[in-house]
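Novice: Residues per chain are reported as follows:
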Amino acid sequence: MSLSLDDVRRIAKLARIGVTDDELAATQLQLNRIFGLIEEMRAVDTSGIEPMAHAQDVGLRLRADEATAPDRRAAFQAIAPAVEAGLYLVPKVIE
Amino acid sequence: MLNNTLKQLSARLAAKEVSAVELATEYLARIELLNPRLNAFITVDREKTLAEAQTADALRAAGNAGLLTGVPLAHKDIFCQQGWKTSCGSKMLDNFISPYDAHIIEQCRKAGLVTLGRANMDEFAMGSSNENSAYGPVRNPWDVNAIPGGSSGGSAAAVAARLAPAATATDTGGSIRQPAAFCGVTGIKPTYGVVSRFGMVAFASSLDQGGPIATTAEDCALLLNVMAGYDERDSTSLERTKEDYTRDLAQPLTGLKIGLPKEYFAEGLAADVAQAIEAAIAEYKKLGAEVVEVSLPNTKLAIPSYYVIAPAEASSNLSRFDGVRYGHRAAEYSGLADMYEKSRAEGFGWEVKRRILTGTYVLSHGYYDAYYLQAQKIRRIIADDFQKAFAQCDVIMGPVAPTTAWNLGEKSDDPVAMYLEDIYTLGVNLAGLPGMSVPVGFGKSVDGKAGRPVGLQIIGNYFSEAKMLNVAHQLQQVTDWHTRAPAL
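Heads up: the protein sequence lines correspond to chains A and B, in order. At position 7 of the first sequence the residue is numbered 7 (this note's numbering), and the sequence of numbers has no breaks. Count along the second sequence from 1, then add 1000; that gives the number in this note's numbering.
So here's chain B without its partners, still in its complex pose:
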């Protein structure tokens, strides 16, 4: 049962082979057993979960069930959920019981999905390893000495370890794709504006986008159907006709043009990752796809551009955490300014502080043009490069990350080394394009143990999610990497 996809669980619930309460109970038992080792969840609340499951069962009994009613999932701790602690991985929000629901949470509730718990994450979604959580690092289910990736490390690890059949997540610079790759699961970051950011704790507002992580592309499509949609409360939510993201899953890939950016296969890409990616491309050729070389010549500039824009927006967004209306307030202070400074010094971890300080500097008087404006101009160059590439191909493919998951602690003292790992994912966010990660094998053996998962990145043009999911789904019809689960 625990290896079932959402689609299979949906069928079993519809056939009354299992109830939502039984399903939730089974997953809760597995979480109880394995979460002490993996730390994928910050909050688990059996009563709340079972109450949601009972509601789902009642809906089904009354004949009002939808496709996913009673199916359980985990929510990244970044989405405000009424009555649940929404910590965002931070001590700052350790006492924050959300008084309202994020749009994504409302959508999931309407669909009858059952909350299994709140997934661990890097503090305020800032990190590529999940070591920045105030609740301790998440461990990679494939090797507990490895990082699971970040910032949605809890979401990806929970799905990989089958503690949840799917999870919500967010991606500002790779935070869905990279942990999905490192944990051997499937995830998609939609086009910017497709999923509402209402109630999603803001990090870098022009880059943040929510999306699903699951074991299969088909499940991601089913969840995206629930999560996507116009929401007037997010000023950047796009008014578009509702799409069915499953509509193209079965399309053959004959004649599909895959663009391989030469910069994604250049120096810096580990040989074992390259090998797994090339094997996947070979499968696509067998499925009838054609391969063309494309160029994204300014790939390297995505790193400095991103690490100006994201911290600048973060410094502005995180100014709301001042110890006045909610969140942590220092116990002792001498005046208002001291209260702000102490509350923020105590509430934020060091990666968050570094990014706020970086952002404050680049936005400060006299530096705006040299940093923020320059970064935004480079952002335009990068977005234009993608459009030139898409003139030659339907989708772009490459690795999600230059290596497989590294060991816990290996880069935690060196933020710059960590930032460089984001090279293949950042440009997608800067351009606002959709991107996904699909498991395509394993890297070389590490420390005498089995290799760690490799993810293939699929990048599509704006609003081509249905096509990308089709491309991923077809690979999953001829390979079985997505069915592999770690021994735990």
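The following block holds chain A by itself, in its conformation from the complex:
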């Protein structure tokens, strides 16, 4: 398989990474090389094999339903790009 320039544009959009027209061809070339490597795997017969998501087959723990996290809002907002009145600021999304 081979990714087209449109494929690369679409993936970049999904990944929310701006790729300029100048960068598109080089990105396509590199991604196609990577997928060339990945393709080797697709021909392997894996019928009947359980996918392994994790190294240790442990279930997720449940914890007691208690509030444990301390209030660190001021410390966390001190490193934010833009805040006002305790809220994170982003560009307007609803007109």
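The hints are simulated quantities; they were obtained by calculation from the structure and are not laboratory data. Hints are not guaranteed to be accurate.
Computed Cβ-Cβ distance ranges for the label pairs, DEER-style [what the hints assert, rightly or not]:
{"hint": "1", "chain 1": "B", "residue 1": "A1417", "chain 2": "A", "residue 2": "M1", "range": "45 to 51 Å"}
{"hint": "2", "chain 1": "B", "residue 1": "A1266", "chain 2": "A", "residue 2": "A67", "range": "27 to 33 Å"}
{"hint": "3", "chain 1": "B", "residue 1": "E1290", "chain 2": "A", "residue 2": "R72", "range": "51 to 57 Å"}
{"hint": "4", "chain 1": "B", "residue 1": "L1002", "chain 2": "A", "residue 2": "R42", "range": "47 to 53 Å"}
Nothing here was measured: the structure is a model prediction, and the numbers come from that model. For each residue, glycine too, the CB sits at the ideal point set by N, CA and C.
Based on the hints, put chain B in the right spot on chain A.
Specialist: Just chain B now, kept in the frame of chain A:
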């Protein structure tokens, strides 16, 4: 003093031959002298380091010192550390002063270890050469024209150059073992789940694992005692009884069964690396070990499987970097989507972008089964292969990498060539097994200069870290490769 192991430094501090402040001052002076050439540190902060050293000295004066109180070390810039810039090698986090400590950092603080600085690394731990750092490449102390390996290249180079007696590091596909091998130092990646990932910037969550790099296996054991342990804040942290990883160091190796996977010694392995590995195996035979041939028949499939799983998990993990709550935000944008796209385009380097794009594609609608699920099935096959091999042996040995360190720039334009170098390390992460690298000699001369270090990989079954450290320690009792330091 700068050639002392942690164990020796601990004894000297206990005997009051030296104070933590004096020790930190001496290392800081060496960092100041050599870091401009090696670029092993992203951040050095003398005041913070000396304040930590003073605290350690006060603890000792009050009679409250532990074994490692006052011993200095470097932290890979991936571990969040309160008050320190935690850049993860990325422009994205260049302005990120961490508001909290990673579990590993807390553990080190409790043990009284003193932070010498923050070690350079490949951006978001993605790379095998340390050329992907936004802060410039780290240089290999054995030859400044060579790469130090990656992604924990700063940690390994700092220890090799004696800018720090030890360092923390992380390993997702070989990032502790390969730089340790290329820099001639000792490092261990524990079993997945032994060290908490809380506060360790996430790359591929089902593979990431922290561990130590030091000059000796004994020092790695001492540090693993500090770093390992259950942490409820990491959902994959394992609830196990606390172990003493030094407990078996002195055990003799008589009757130890070493499995040599034939696929690790096949075509592609450089002759000089093979020679050093074989010499180490010969030493083990002298120590009473037996050697059996084993097979890991799907070794080659670890590369495509890993380069689907790791990017898929990375694309999900790195979606948090959106310029909203912390990290880089573009200066100008037309709306929310544009802010995301510009902030991420400016904040991430190209290797990180490529992996996010690869991961986004393999997880996108209609491709999940063909890529991600298939890769996870191959992951199972690879893990099963290791268990079949461990039915025949106690530990598996082989090279860490097919060659010694290559020259800076040699592979930086070809990500696939770089990925192929990870062939012997990736399977260990996919299976979640512990793996380590031990220095066992030097390769052939390069560009008319002395050869570069070779690392022996020791792979153990789950939770066999104490055994592996024993195996490495015994080799270090009869060889002196781990005591060699580059002339700088």
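Novice: Each hint: holds or not?
Specialist: Structure-based check of each hint:
The hint said 45 to 51 Å for the Cβ distance between B:A1417 and A:M1, and at roughly 21 Å that hint is violated. Distance hint check: the CB atoms of B:A1266 and A:A67 are about 56 Å apart, inconsistent with the given range 27 to 33 Å. Checking the proposed 51 to 57 Å range against B:E1290 and A:R72 shows it holds: the Cβ atoms sit about 55 Å from each other. Against the hinted window of 47 to 53 Å, the Cβ-Cβ separation of B:L1002 and A:R42 comes to about 51 Å, which satisfies the hint.
Of the numbered hints listed earlier, those contradicted by the structure are 1 and 2.
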